Amino acid sequence: MNVTVEQEFVCRGHVACPGCGAVLAMRYVLDVLGKKTIVVLPACCWSVINNRYPTAAVKVPLFHTAFETAACVATGVRAALDMKGDNDTHVLAWAGDGGTFDIGLQALSGAAERNDDIIYVCYDNEAYMNTGIQRSSSTPFGAWTTTTPAKTFKTKQKKNIMDIMAAHRIPYAATATIAYPEDLMNKVRYAAGIRGTRFLHIFCPCPTGWKTAPDITVELSRNAVRARAFPLYEVFDGTRYRLTHEPAQEDRMPIAEYIKPQRRFAHLTEAEIQVMQDHADEEWGRLMKVTETWPAG
Amino acid sequence: MTEKKTQEPLIYTTQDTLGNKTGSWRYMRPVFETKAAPCAAICPAGNPIVSFITFAKEGDFDSALRMIKQENPLPSVCGRVCPHPCTSACNRYTYDGSVAINEIERFCGDFAEQAGPEIPERAGATGKKIAVVGAGPAGLSCAYQAALMGHEVTILEASNRAGGLLTQAIPAYRLPAGVVRRDLCFIDILNIILLTGKTITASDIEKMAADYDAVAVACGAHKSYRLGIEGEELAGVVPGLEFLRKMSGRAAPAPGAKTVVIGGGNTAMDAARAALRLGAEVTVLYRRTRAEMPAFPGEILEAEEEGIEFRFLSAPVKIETSGKTKKVICREMELGSDDDSGRPRPVPVEGSEFELDADTVITAIGETVALDAPFFSPNENRRQISNAWGRTTNDRIFICGDAGPNDRTVAHAVGSGKRAAIAIDAQLSGKDFEAVKQRITLGGGAVSAAIYRSGAEAPAKVVAPQAVNFAYFMRTARLEAATTAPDERIKGFGEIGATAAEDAVRAEAARCFTCGVCTECGNCFMFCPDMSIITEPRNGVPATDTDYCKGCGICARECPRGIIEMEEENK
Numbered sequence: 001m002n003v004t005v006e007q008e009f010v011c012r013g014h015v016a017c018p019g020c021g022a023v024l025a026m027r028y029v030l031d032v033l034g035k036k037t038i039v040v041l042p043a044c045c046w047s048v049i050n051n052r053y054p055t056a057a058v059k060v061p062l063f064h065t066a067f068e069t070a071a072c073v074a075t076g077v078r079a080a081l082d083m084k085g086d087n088d089t090h091v092l093a094w095a096g097d098g099g100t101f102d103i104g105l106q107a108l109s110g111a112a113e114r115n116d117d118i119i120y121v122c123y124d125n126e127a128y129m130n131t132g133i134q135r136s137s138s139t140p141f142g143a144w145t146t147t148t149p150a151k152t153f154k155t156k157q158k159k160n161i162m163d164i165m166a167a168h169r170i171p172y173a174a175t176a177t178i179a180y181p182e183d184l185m186n187k188v189r190y191a192a193g194i195r196g197t198r199f200l201h202i203f204c205p206c207p208t209g210w211k212t213a214p215d216i217t218v219e220l221s222r223n224a225v226r227a228r229a230f231p232l233y234e235v236f237d238g239t240r241y242r243l244t245h246e247p248a249q250e251d252r253m254p255i256a257e258y259i260k261p262q263r264r265f266a267h268l269t270e271a272e273i274q275v276m277q278d279h280a281d282e283e284w285g286r287l288m289k290v291t292e293t294w295p296a297g
Numbered sequence: 298m299t300e301k302k303t304q305e306p307l308i309y310t311t312q313d314t315l316g317n318k319t320g321s322w323r324y325m326r327p328v329f330e331t332k333a334a335p336c337a338a339i340c341p342a343g344n345p346i347v348s349f350i351t352f353a354k355e356g357d358f359d360s361a362l363r364m365i366k367q368e369n370p371l372p373s374v375c376g377r378v379c380p381h382p383c384t385s386a387c388n389r390y391t392y393d394g395s396v397a398i399n400e401i402e403r404f405c406g407d408f409a410e411q412a413g414p415e416i417p418e419r420a421g422a423t424g425k426k427i428a429v430v431g432a433g434p435a436g437l438s439c440a441y442q443a444a445l446m447g448h449e450v451t452i453l454e455a456s457n458r459a460g461g462l463l464t465q466a467i468p469a470y471r472l473p474a475g476v477v478r479r480d481l482c483f484i485d486i487l488n489i490i491l492l493t494g495k496t497i498t499a500s501d502i503e504k505m506a507a508d509y510d511a512v513a514v515a516c517g518a519h520k521s522y523r524l525g526i527e528g529e530e531l532a533g534v535v536p537g538l539e540f541l542r543k544m545s546g547r548a549a550p551a552p553g554a555k556t557v558v559i560g561g562g563n564t565a566m567d568a569a570r571a572a573l574r575l576g577a578e579v580t581v582l583y584r585r586t587r588a589e590m591p592a593f594p595g596e597i598l599e600a601e602e603e604g605i606e607f608r609f610l611s612a613p614v615k616i617e618t619s620g621k622t623k624k625v626i627c628r629e630m631e632l633g634s635d636d637d638s639g640r641p642r643p644v645p646v647e648g649s650e651f652e653l654d655a656d657t658v659i660t661a662i663g664e665t666v667a668l669d670a671p672f673f674s675p676n677e678n679r680r681q682i683s684n685a686w687g688r689t690t691n692d693r694i695f696i697c698g699d700a701g702p703n704d705r706t707v708a709h710a711v712g713s714g715k716r717a718a719i720a721i722d723a724q725l726s727g728k729d730f731e732a733v734k735q736r737i738t739l740g741g742g743a744v745s746a747a748i749y750r751s752g753a754e755a756p757a758k759v760v761a762p763q764a765v766n767f768a769y770f771m772r773t774a775r776l777e778a779a780t781t782a783p784d785e786r787i788k789g790f791g792e793i794g795a796t797a798a799e800d801a802v803r804a805e806a807a808r809c810f811t812c813g814v815c816t817e818c819g820n821c822f823m824f825c826p827d828m829s830i831i832t833e834p835r836n837g838v839p840a841t842d843t844d845y846c847k848g849c850g851i852c853a854r855e856c857p858r859g860i861i862e863m864e865e866e867n868k
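If you're matching them up, the sequences are chains A and B in order.
The first sequence: position 198 = 198 (the working numbering), numbered continuously.
Just so we're on the same page, the working numbering is the position in the second sequence counted from 1, plus 297.
Hints listed in this document are in silico derivations from the structure and should not be mistaken for laboratory results.
Keep in mind the model is a prediction, meaning the values are calculated, not measured.
Incorrect hints may appear among the rest.
Pairs of lysine to aspartate or glutamate, EDC-like flavour, derived with a Cα cap of 16 Å [to be verified]: (1) Lys555(B) <-> Asp654(B); (2) Lys59(A) <-> Asp313(B); (3) Lys35(A) <-> Asp313(B).
One chain only, chain A, in its complex shape (with noise of 0.2 Å):
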């Protein structure tokens, strides 16, 4: 391990699962922003994790919001403290992916058009898992949720939020996850180094949610990217792509056997693990164009 953790911003003695990915995600980023950070905070399982009121976990400034609303109340955040004439503190908006697939979209979309200066995190754990594990924008193609039982899974690709946000041509947009935290962190170290609006896709497994032991979420975040179903990468000015990490031809595994732990997947037949196969391949070989024809620098 090439990085660590110079300084602790979150406490222990919160609440998370055991094995939760989120943490993890929340540990890397704020190392990274520092003390001088404020974060905004809509509906998500960090609002839980976080733990009560008079207590919090997160030891930077912290603003609970409503579901919809993590952009636009980072955006009045960073309209504030500009006014102050501070314009060295980070906002932070920090969302999971219900609140920013779906229910945050068009606040986020409001920011991104307009360039507001903040950093936006979407900790993706593909459901609604705060609230009992609903489906979202976000759920893998075949996976069982609450409301896509497995009987009725979710025939629903995941959405490409990395193409939404590119569209905007917001000046940095990447993807991350905590498997890599040096690639996860070097991600962060740009954006913070950088003006507008940054969007940071961290790919965040869930014991809970994905019915898996609690000792893997490391493992599956890697997993996912070596089966090629989170590639690593970033966009700059919504234009140009860079690849950060291609998985060695000898470390790549089928999608098969990244699911194999993830019981939210144990129904599926081998067609349908097939259909998850050729989506990856397709979303892979499609990158790979982007990245070869528009490289960044």
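Could you slot chain B onto chain A? The hints should help.
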């Protein structure tokens, strides 16, 4: 990132969550423990493999050599002739090829040319006198360890020099004399008294037991088994060891145009390849098939490459003279049911006789111990003696090396010599032998003299390949040992291959997973979602903050080298 001095807020509206002791959620607990690497646990000589490779990785070969010399005085020798079971046990084996541990050891041993011998410091004199009978690898290892423990050691050797089989049997193309000489420098440095030309009998040993505090018998196994066939006593029919011993003398034997070697062990291979280099055309007769040959696989392969002919499933029936040369009458065999050794028994095929012409016939079907002593019978109580680390029915007499019930390789000899030295020291200092044995045996296998001397405890568990997280190791090519082309090497007795170059050795050392030993990589700390890893090492490993650890087990899963295991809570 630069940070301006920030103003503290006037009031804190929230408190931290430290009051919330999430450790109470836990039903599994991570246990951090230094473990034995499989290579080290299996090493017959008990080399501290992970430690010396860690130094080699850094390019600190002085320290690497010093680590090896704690356990094994003969790294240059073992790096060449040991069949390196460590590499088959290596957890990297099925991933992208085991670490070439023997090549690293060989380089470290040869590094003594630059670094000096790096012999560990000798303990204060104990005033105890120990005699060692035989200056082969077992006797030398026993003498070395006993001297390091502060005892006064005298070696009595029948021949005119130290080394035993190293100098008298293993041919120079495998082990040049200079290499042995380099490793044997400890005899003078540790003031070990070496008396040569002393042939010792069983009754001498019993007498010596009265004069010395302990006697270690390391007389080897020199008596060649006889074929028990007609014509065995003819001139030109020689036992393998005798042939090899002559090789190491001033006048090399002249095997003539055709040599038949009978047997399939290492002595047979050495004799066959030596005869080939002396100009003979060599045929090896072995009564089973290649798969059952007891010789090291590498030796068989090299013999084949050099053009030695193998006649498998063939055994001699009779040797006849025919003029100046001889005729070996042979019979073909077939494999029957398994015998006591677990190998299929060769059964003669009726009417399958054939003849081979030979100027010299070398018999190499095994050797046994020449010494016949009342306190020790090589065929009885083998297991007991082995478990007893050379202790015999006489509490002042110990046995090690080929004379005892040990596997017959140099590395096993080194290991058994060390065990005997420790058994002697434990006895002389009144330590509880069983407790000592328990304390210093790594993962139930190898024995560490350094741990014996320091009073520490050897790791009891061995890292299994399933405990290694391969995701943290890039696949890299294995160091391929340098070799010499067969037609080049049969021209003489020059050493085959060469010691690898320093940068190649460092790169190979960097492939080591350091199984079972914490390298402070930080994975457990980095991936803990509950910030519950106490990184300040205690006993060489991190620990868990049990107040907050929820027992998710990510640390155990992400530890690259198998140090962390999950255990049920309150068990």
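Hints, verified against the model:
Restraint check for Lys555(B) and Asp654(B): the C-alpha separation of about 7 Å stays at or below 16 Å, so the hint holds. Taking the CA atoms of Lys59(A) and Asp313(B), the gap is about 7 Å. The hint holds against a cut of 16 Å. Using a Cα cut-off of 16 Å, the hinted pair Lys35(A) and Asp313(B) holds, with the two alpha carbons roughly 15 Å apart.
The structure fails none of the hints (numbered hints given earlier).
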